[in-house]
Amino acid sequence: MRIRKYDRDFTRRAFLEKSLKGVATAGILSPLWPEIARSGTIDKAYPEELLSIDLYTKGQIKPGDVITADNVEIVKDLLDPIAYRQVKEMGRRITIVETTTDVTKLFPHEYLEATLSNAGKAKFDANGNVVTDNGKPWIGGNPFPDAKTGEEAFYNLTLSWGRHDESVYAVRDWDISPSGSLSYQYDFVWAEQNTTGLVNKSSPYLAGEEDKLRYQAVWFTSPTDAKGTAFLNTWYYDQREFPDLLGYLPAFKRVRNFPTNQRFEPLVPGITIFLSDAWAAGDPMLTWGNYKVIGTKPHLGAVSGNWTGKTNPNWEREVHGGPNGQTFFEDYKELIPEVLVVEAEPIGYPRAPVGKKRVYIDVRNMMFVSYLTYDRRGEIWKSFEPAFSQYQDGDTAYMDGGHPLWSWTHVHSHDVQTNRMSRFVQAKQITGGFGPEYNIGPSVYDKYLTAQAIRRFGT
Amino acid sequence: MTYRWLSLFVLVAITVFFGAQLRNVELRTIFSDLLPSTHPFVQTYKDHPNFGNPLTVTVMIKRTDGEDIYNAETLQKVWNLTRDVDLAPAVDHDQILSVATEKARYSEATPNGIDSRPIMGDHAPRTAEEIEEFRNRLLKSPNVRNFMVSEDETATLITATFIERLLDYGETFEYLDKLVKDARDDKHEIHMAGQPVLTGWVYFYELQMLGIFAVTGLALLVALVVYMRNVVGVVAPLVTSLVAAIWGFGFVGWLGQPIEPLIMVVPLLLVARSFSHCVQFIERYYEVLHHVKNRRRAAEISLSVMMVPGVLGITTDAMGLLLIGVAPIPAMERFALFCGFWAMMLVPTNVLLTPLLIMLLPQPRNVKRMVGEAEDQQRFGGIRLLLRGIGRLSIGRTSVLTALVVGTLAVFSFGKVLGIQVGNPVEGSNLLWEDSEFNVAVSRINSHFPGLNTLEIIFESKSPDSLDRVVRKAETALTMQRLQHMLESQPNPPEASLSFADYLPEANRLFSGGNPKWGPLDHDDAAVSAAAGALMVGTGPKAFLHVADFEQRNGTVSLWYKDNRQATVDEALRQARAALAIVGTEFDDFRIRLGSGTIALQQSINDTVDRYQWVILGLLNAVIFITCSIAYRSAVAGILLLIPVNLSNLFLGAVMTEMGIGLDVNTLPIAAIGVGVGIDYGIYLLSRIYEEYQLRKDMAQAILTAVTTTGKAIFFTATIVLIGILPWYFLSELKFLADMGLLLVMVMLINMVIALIVVPLLVWLIRPRFIESKELLVSEGVDLAALAAEENDETLRKKAAENVKHPKTEMVEVAPVRP
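Taken in order, these protein sequences are the chains called A and B. Position one of the first sequence corresponds to residue 1 (the numbering used here), numbered consecutively onward. Position one of the second sequence corresponds to residue 460 (the numbering used here), numbered consecutively onward.
Bound conformation, chain B alone (with noise of 0.2 Å):
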């Protein structure tokens, strides 16, 4: 306070450089950032990233009228959607498959040799006879007939892929989606699906994000100008979240690290965050300056009674928010440092920047109605008469018997958590709700084609040589072969398999006169070789990118799997470690690793979130526990605060297996956040307990007034955070954020309840020692009478003065001179 300007100064400054660092700030979803880096799984994928196809778009024309897909008007919209996706931006021209394409060929045996040609002429046929010629052709190309056509040849596909390097998502997306949705009509349905699919669905709801921040944004700001109704009130938490969010993106801005938008949710979290913790303080002031008549005087105190478990507070909320970091998962590392960043700048902004506002702005002319004890109890009396009743079931006879419902609630939840599920299985992506565009066509394309579930078993080269085409090997195709073998030979087969391996006996019957005795292969490297450069002639290795790299020295088995359920998972990895137990997984040539696709790589997300979700906590805990016993000087204190927030985060886990959902990346944070701002309220509600009862030497009394007064802005806090987070639940088309919304919100809600019964349960059941104490260095209150007698008397006044501007300890700031 003495050295405001400069104070103001240097955090102008501070603002300043950060605000010059917004430039740099970038929003971007990098993909495989979202998996978890250091498991083995996710290492193979990014060893071998092009197995699995990441970058094929896969459309469906289904013919939904009860003909099949031989007929003018579908194998014309065919062919013409197939020369349309060439014109898309960024495809590869040389990777595009439909059985409109020059590369879906039928070959037959003839005298003279061996004729290829493509399934469909120079044109979709147009008359009976054409259509009969090409449904013949069509049935002598089994590959194309069995991966491009679906079973009951009421579906076709087109497969494109795309250059990464080109890419733009957003307008690839558009593009197809409205190519799409023109070839939509009574008579077709057109789906599609892939990575860059899904990629573009997640750009286009991000942008709708933008329309939701402006909504939760200015549901914030009528819930305060509602609540205040005074410049200082409106301005100051204003203020300072925006100079916290400047702080926190200019951070990230500075370090030049993308961030996800879709963990949003989190950063509209800090700042209603940051303007419950102003509120706090502005309510404070109101109430010193109701009494002390003079604004720094009241600013000065209320700093002075609000600095330590504020800070106490914000620093829990930045740990949760910090510790989520140790979790592997590169998304999640850049989301800790920069909201933990952000959480952590709340001290300065909110601690600091709020007193020198309040000093800045004009003072409020209804502090007396802010603060009036009649008007108050009109505004209030409701919530007042409800946090009474709460704060008597802590009390009394009444605190055994909810000590015992508490008590059985935990028993009971421990139990439902047991059974609770790792991962959130959706047919196509979590990202995104289940009735989404994007997954009703995965669910439909998976209904019809082998489909998009597969987990990949790479076979990786260990040659140095560039150009030792170890895919080419007998032994490779061999073991690919016999591997393929196994795991279809178990009693829960995958629906399918595939692998370079496959292509090569029918390359093999061709080329040796069309018999198919000549379709197996010799065991020996020049056979499998011949076979291999069979299948390459007229084409290229691009064309088997999906079951074999560019340079053909790694491979991949493909295994499809009718769904992606956790039981579906557990069974793939199973039979696939089975197998190569048996087949083995190191050879002269090769190492087979397991594995990628969308199966493995769930699985490492589960495997992931399953152990860190408690690494977390644990290290929140223990974190926790070390700061609130060094505040409270008392060990006890640490224990009697985490036990309501862990309680919360069990009763949190028993709602979650209720409601079926499940541990997933989505939830991953929201035990932290959950534990980091649930332990704000034990903390203001303890230290209200702490200093009522050195005031009162009450317990009942004091834990009734501090449920209602400090309950009071829990109330309000948990409010600000309800309304600045749960329209993501209801307005956003991205389940991820809609997921988060909502669990963050009874995350909140559920710490809110049990701090206000559990906290003063325990202190009434356990009568800690540290209660008594009067040296300690969180309290919250302040003799308010004190500082109004205070106020009227001269020499009370230089006194007191003089305290504040040279502090012997911190507890002299805090108390009031008494007369």
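Looking at chain A on its own, in the form it has when it is part of the complex (with noise of 0.2 Å):
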């Protein structure tokens, strides 16, 4: 017989102990970041039923197991409220997996490296920005691998949206209405490029782009009557302001200026997400406030697993669910250890419809795992849940450069009032030619996140 030394009601209480005491340190036998230092694993920071979904749940689920709308009351407290839902009510399913210890695998390895090196140096300057010790912007990777206030835990967030130095992903995306239906269906390519913070660069700043902080842009490529519209962000350094906006639509060929707090619109018809919502940290840090952190808490996330490209080709997934059975992706999630759940509130947006975003963040990479909105009421409104993975399936890996990529793999965005689903998929070609490309170096700016560039694409 085999005794277990921690039990659940052990984790029940240690997680009880640390939000009574706003504690925010993760780990709950030992502070999880030095052990990560030394080690590159979580085991000894937490007790064994907290890295086996079957401990915790008593045997009830264990890896590879379903969750439906049979046993879901099982994982309930694992699961955010809108997840859940989706398993009771609309069909939903999601696979377990086993759960993560191996950090390297919850990052992209540059970014991890980063992190571990330049953790300490990160401090707020006097507007609230991050700052190095000597003053300067940050120098990359997680600012603060070990946050314990909600601003630490959204600076990671921010600083880096997909932890690459530049990232284009191709994206495929489908709008599925009420009535289970396909209602839009987009292929949009979205570039990254940070200019700051950079971590597979000689220097961690791009030269003369210091006041930056990075450029993004998408631009549709399908279907015809969107092909060719653009838009560009120029995030600025300093989180007080907002970005520039451009928009491109190639019928016109003329660029069009958005207003900059406007980031509660959708970007094209039919989809849920706003501008505000992308990697839940949309907007600019420090135009919302009131960040905290209001517990700590074992999750059910998709953060492993979730690729699949060794049988789906072009990494697109299978569906189900919904009225049509096509309003889910199939997703593997794993037991989280520890999430921090974070809140903020849109205080620089006077017009904003949201009231408040609660943020669970995975504490191994300082990543969220799920992400909510809810209207000034205090009405649950949208979920942008998306998945990761370290991009390797069995034999089959697909490589940023020296290693296996880690990046998101699918999202999805589902707006409970209007019961309006957007998923997409990160998929490895989508109309137009174009794929993935991660560590590309400085061509990245030129090639898509100019102004000239946007107009290019739309001829």
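Each hint should be verified, as a subset may be incorrect.
To be verified - Lysine to aspartate or glutamate pairs mimicking DMTMM-like chemistry, simulated, CA-CA at most 25 Å apart:
1. B/1001 x A/265
2. A/62 x A/318
3. A/253 x B/981
4. B/562 x A/375
5. B/599 x A/244
6. A/356 x B/627
7. B/521 x B/894
8. A/148 x A/244
9. B/562 x B/545
10. B/562 x A/244
11. B/562 x A/241
12. B/1001 x A/375
13. B/599 x B/612
14. B/637 x A/43
15. A/356 x B/623
16. B/562 x A/77
17. B/505 x B/1048
18. B/1001 x B/567
19. B/599 x B/588
20. A/88 x B/627
21. B/1001 x B/927
22. B/521 x B/1022
23. A/356 x B/543
24. A/62 x A/98
25. B/1001 x B/1048
26. A/253 x B/589
27. A/253 x B/965
28. A/88 x B/623
29. B/599 x A/265
30. A/44 x A/70
31. A/253 x B/567
32. B/562 x A/265
33. A/356 x B/965
34. A/253 x B/961
35. B/521 x B/623
In short, the hints are calculated from the structure, not lab data.
Using the hints, put the two standalone chains together into the complex.
Put into structure tokens, the structure is as follows:
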């Protein structure tokens, strides 16, 4: 007979105690990040039952099991309210996989190295921006790997979205109506280039661009009536400033300036995603406020095993659920031993329809695994639920240079008030022949991230 | 009577069964169920429910002190209200529009491209410069200026659309109503309209119905107590009516169908009818009891005497109600089933339960007083005199004069009825009074903006591909423009028109550099699609749901009219049909369907009411003719009974024409209920005339006796119904209920008077042969003197008891055993 040292009640008491004391330091048995720095794993930071869904649920759920309406009650406390409702009422299925204890599988290689090597060097300046000890812009990796406040946790999300210096994602999106039918379908390219906090270059800054945080562009390649439509965001390093936003419609050959603080509108018809939703940190950090950690808890998150490149040649996914059996992607979630639950309010947007957002952040890599918005009445509005993975499927892998890629694989964005679902995947190739590109160097800027570039794609 | 405990057990068991179903009863107004489901306009509406803004609330802020809206105070109020509307339960946060939202934008072409920004900044303008800048920006956005700010610049709108799945009309209305009331001040009027608001008001007033129910229920109870003054006379009608109500409500609970609260005046009519049937039975019981001195025997005799006319009367009531279901209006179909079943259940509850209750309840001590000749004359002396006078109108030489007067009135009424209007258009909703807050709001909004009376001409995709965005195609947009151009070029054009195509030229102009010459669209799919794409950038299809659905496969051309009077409706539809005849309705990618919106839906109701009013009446006449002809074994009797009820309807039509009340969905059930109930009077009266004639062989005396005896019961019946229904007219703030109450009262009164005059008159003039017949199913009379004698004779009593136990024919039951 095996006697477990720490049972579920111990864990519950430990999380309760942390919440009551307002302590957000990751780790239950020992602080997480010193352990990761030492061993690269989390084994010693958490009791066994937080590393095994089998133990956590007292044998009721095991890796390989599928969560359905029939057994979702067992893991209700591990899901956000929308995910629970999707499973309970809409026929969503979630396959459970083993908890990842090797944190190298939860980061791009260079980003983890930067996080470890730059640990302890970040601080806030008088304006609330993150700077290094010598007052310069951040130098790469998570500035606060062991975040203890909402602000620290959100800077980890904001300063580098995709955690590569340059990322180009080929995205295929489907927008599903409340009746379960397909309303819209888009192919688009999303490109990011960080200008500060670079982790794969000799300098953490792109020369002459230290006053900025990133360039980011999105342009549509399909359907025909949206082809060539493009948007270009220029983010400033100062998180009090709104990004510049340009739009381009190929039919008119003209660039359009958008209001910089108009971030609660969908980019194109039929999609439920607002600019504000990107990476749960789509707006400059300091245009939101009242950040607070409202708790820590174990959670089910899609952070591993989600890349199916071996069986799905174009990295697309099987679908199921909803009225027509196509509202949800198949996805894989694991028991995350600890997430920070952080809330923030859009204080810089006098007309925001959003009252607050609640973000569940995996303390192992400080990436969000679930993100909810609430309207001003406090009613739950939308869920933006990403899935991440190391791009390795058996003996098949996709590399971002010298290492298997770590990135997002797919997203469910569900407006539960109007019951519209946007779901999209990072595809191997989309209409127009575009595919993913990572760490491709400064050429990404001229290629994708200028006003001329977005015009060029429309021709 | 012999198996009274078994009968009682069965009745209680049925009551328990239906009682258990009461928990499933749901009172709910489903507005779409008030529309005729088979009408093409309604089918179009149901296929495209989004058009015509059924889930949109419009709030108008009107400056009243002579200033315009361009001042800090008003604009701050608009800002605050807009933000507060965003807090309303079930509001779609993406579909709130006012000059203060970021969706109200102005755009200008700049050397670097297009600059598009919200008209109002991050706060309401406070300084004179900010206000001036706001006004300038508004002028640069013609669509916002035209649709969101009134021409005289004293009023502006906030519109908000709600999510049907989440919408609790009562909760949302309560929130918005408080918001609007709090925002009013001495310088600002705030009005709120739209279908969710109308629903909210109806729900609000439906709560008021409970109070009116209490008032009318109490009035009925008081009338009963005052009239009866004994336990059995009060308890028996109450219990039988309650049991019938449990059966009626339980039945719909069992079916799982919601009950339309707007027709709740009719169940009250049924309660009143149940009271009156029961009272008639009890009155006859008193009369018999007074003579035979034996409770059981009196109950048995009363039952045998009242059975057939009672059943016939109740059946005609029920037929009238059931036949309302012929009209293809779901709410009326459910209403017919619910009320028809309830009415039919008055047979077992009144005809069977009443005698059982009489047997179980203590014998009344005031029987002598109830039937005593002297006291009776004292209590009802005036009525008896009046009735005798009425009776004299139908006999002798006066009868000819009466016939002439009735004939003249009929001809005059016929002429009047020819002019009866279809529909009762009010600005807003006919469910509410013209001066109700909602209808006033509609009127005020209509006077400042294109308004709320729309005709929607739907462009419907034929493509099975859900991604084929037909609205964005050139042929669709150009056809929309052509149709609008034709309609707006008519001599009496609509106040305004709007389609998805209207938004495209402005988007085209701005994205092409701002020069007005770039406004017009090229006639190809690429150009139209590009303009639509430009329109959608930074916003979404939700912003255009009033003109195109979310997938932009179906669209509408909205036409606004100044009012919804029938002449306007007729002209609007005539113009639309004429335009569609030229433009065509079938295209490769889409078809054009007429139509939806308030104008079309109003017409659909009018068409249906106009048609089915007569269908129902015709069917009811046929049913009654067959039933009564069988009962009286004479087709003449059937005709004779139908003449007064149809005359009553004719006179009701004349009165309605005179009062300016038109035929509409409120009046649809009235004629049927009127005929169903009115025929009772004829049956009771004709049966009594027959009985009296059989006893006396003197037609004049038979008529006079019938009018003064059965006439009294009819009078009481009408009074009870009057007490039950009339308060609705005075108390209900729902015009629908009040109208129905008023018309029901009118139809009852007219039927009563006509029955008392015309039935005897026709019998006198025609002298039908069935009156001479000795073998009719229907008879009301009984020889009480003979019964009294029989009670005193042991042999006869035994024989009579044997007859009751083993009746040979129904006539044996009815007639006393003569010594």
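Do the hints match the structure? See the list:
1. Our distance criterion of 25 Å between C-alpha atoms is met by residue 1001 of chain B and residue 265 of chain A, whose separation comes to about 11 Å.
2. At roughly 22 Å between alpha-carbon atoms, residue 62 of chain A and residue 318 of chain A fall within 25 Å of each other, so this suggested pair holds.
3. Between residue 253 of chain A and residue 981 of chain B the CA atoms are separated by roughly 16 Å; this keeps the pair inside 25 Å, and the hint holds.
4. Our distance criterion of 25 Å between C-alpha atoms is met by residue 562 of chain B and residue 375 of chain A, whose separation comes to about 18 Å.
5. Of the pairs offered as hints, the one joining residue 599 of chain B and residue 244 of chain A holds, with about 23 Å between alpha carbons and a cut-off of 25 Å not exceeded.
6. The suggested pairing of residue 356 of chain A with residue 627 of chain B holds, with an alpha-carbon distance near 24 Å, which does not exceed 25 Å.
7. At roughly 19 Å between alpha-carbon atoms, residue 521 of chain B and residue 894 of chain B fall within 25 Å of each other, so this suggested pair holds.
8. Proximity of residue 148 of chain A to residue 244 of chain A is assessed by CA-CA distance (about 31 Å); at most 25 Å being required, the pair is judged violated.
9. About 14 Å separates the Cα atoms of residue 562 of chain B and residue 545 of chain B, which keeps this hinted pair within 25 Å; it holds.
10. Between residue 562 of chain B and residue 244 of chain A the alpha-carbon distance is near 19 Å, which keeps this suggested pair within the 25 Å criterion.
11. For the hint linking residue 562 of chain B to residue 241 of chain A, the alpha-carbon distance of about 22 Å falls within 25 Å, and the restraint holds.
12. For the hint pairing residue 1001 of chain B with residue 375 of chain A, the CA-to-CA distance comes to about 18 Å; that is within 25 Å, so the pair holds.
13. For the proposed pair residue 599 of chain B and residue 612 of chain B, the alpha carbon gap of about 15 Å is at most 25 Å, so the pair holds.
14. Pair hint residue 637 of chain B plus residue 43 of chain A does not hold up; C-alpha atoms about 58 Å apart against a cutoff of 25 Å.
15. The suggested pairing of residue 356 of chain A with residue 623 of chain B holds, with an alpha-carbon distance near 24 Å, which does not exceed 25 Å.
16. A threshold of 25 Å between alpha carbons decides the hint, and for residue 562 of chain B with residue 77 of chain A the separation of about 39 Å lies outside it, so the pair is violated.
17. For the hint pairing residue 505 of chain B with residue 1048 of chain B, the CA-to-CA distance comes to about 21 Å; that is within 25 Å, so the pair holds.
18. Of the supplied pair hints, the one linking residue 1001 of chain B and residue 567 of chain B holds, its CA atoms being roughly 23 Å apart against a limit of 25 Å.
19. Under the criterion of a C-alpha separation no larger than 25 Å, the hint pairing residue 599 of chain B with residue 588 of chain B is consistent with the structure, at around 17 Å.
20. Only pairs whose Cα atoms come within 25 Å are accepted, and residue 88 of chain A paired with residue 627 of chain B is accepted, the gap being roughly 23 Å.
21. Under the criterion of a C-alpha separation no larger than 25 Å, the hint pairing residue 1001 of chain B with residue 927 of chain B is consistent with the structure, at around 18 Å.
22. For the suggested pair residue 521 of chain B and residue 1022 of chain B, the alpha carbons sit about 21 Å apart, so the restraint of at most 25 Å is met.
23. For a cut-off of 25 Å, the pair hint linking residue 356 of chain A to residue 543 of chain B stands: about 17 Å separates their Cα positions.
24. Between residue 62 of chain A and residue 98 of chain A the alpha-carbon distance is near 8 Å, which keeps this suggested pair within the 25 Å criterion.
25. At most 25 Å may separate the alpha-carbon atoms for a hinted pair to count; residue 1001 of chain B and residue 1048 of chain B meet this at roughly 23 Å.
26. Distance restraint check for residue 253 of chain A and residue 589 of chain B: the Cα-Cα separation of roughly 33 Å exceeds the 25 Å cut-off, and the hinted pair is therefore not satisfied.
27. A hinted pair counts as satisfied when its Cα atoms are at most 25 Å apart, and residue 253 of chain A with residue 965 of chain B qualifies at roughly 16 Å.
28. A C-alpha spacing of about 22 Å is found between residue 88 of chain A and residue 623 of chain B, which places the hinted pair at or below 25 Å, so the restraint holds.
29. Restraint check for residue 599 of chain B and residue 265 of chain A: satisfied, since their Cα atoms lie roughly 22 Å apart, inside the 25 Å limit.
30. About 34 Å separates the Cα atoms of residue 44 of chain A and residue 70 of chain A, which puts this hinted pair outside 25 Å; it is violated.
31. A hinted pair counts as satisfied when its Cα atoms are at most 25 Å apart, and residue 253 of chain A with residue 567 of chain B qualifies at roughly 16 Å.
32. Annotation: proposed proximity of residue 562 of chain B to residue 265 of chain A holds, straight-line Cα distance about 9 Å (limit 25 Å).
33. Between residue 356 of chain A and residue 965 of chain B the alpha-carbon distance is near 36 Å, which puts this suggested pair outside the 25 Å criterion.
34. With a C-alpha separation of about 22 Å, the suggested pairing of residue 253 of chain A with residue 961 of chain B holds against the 25 Å cut-off.
35. Of the pairs offered as hints, the one joining residue 521 of chain B and residue 623 of chain B is violated, with about 29 Å between alpha carbons and a cut-off of 25 Å exceeded.
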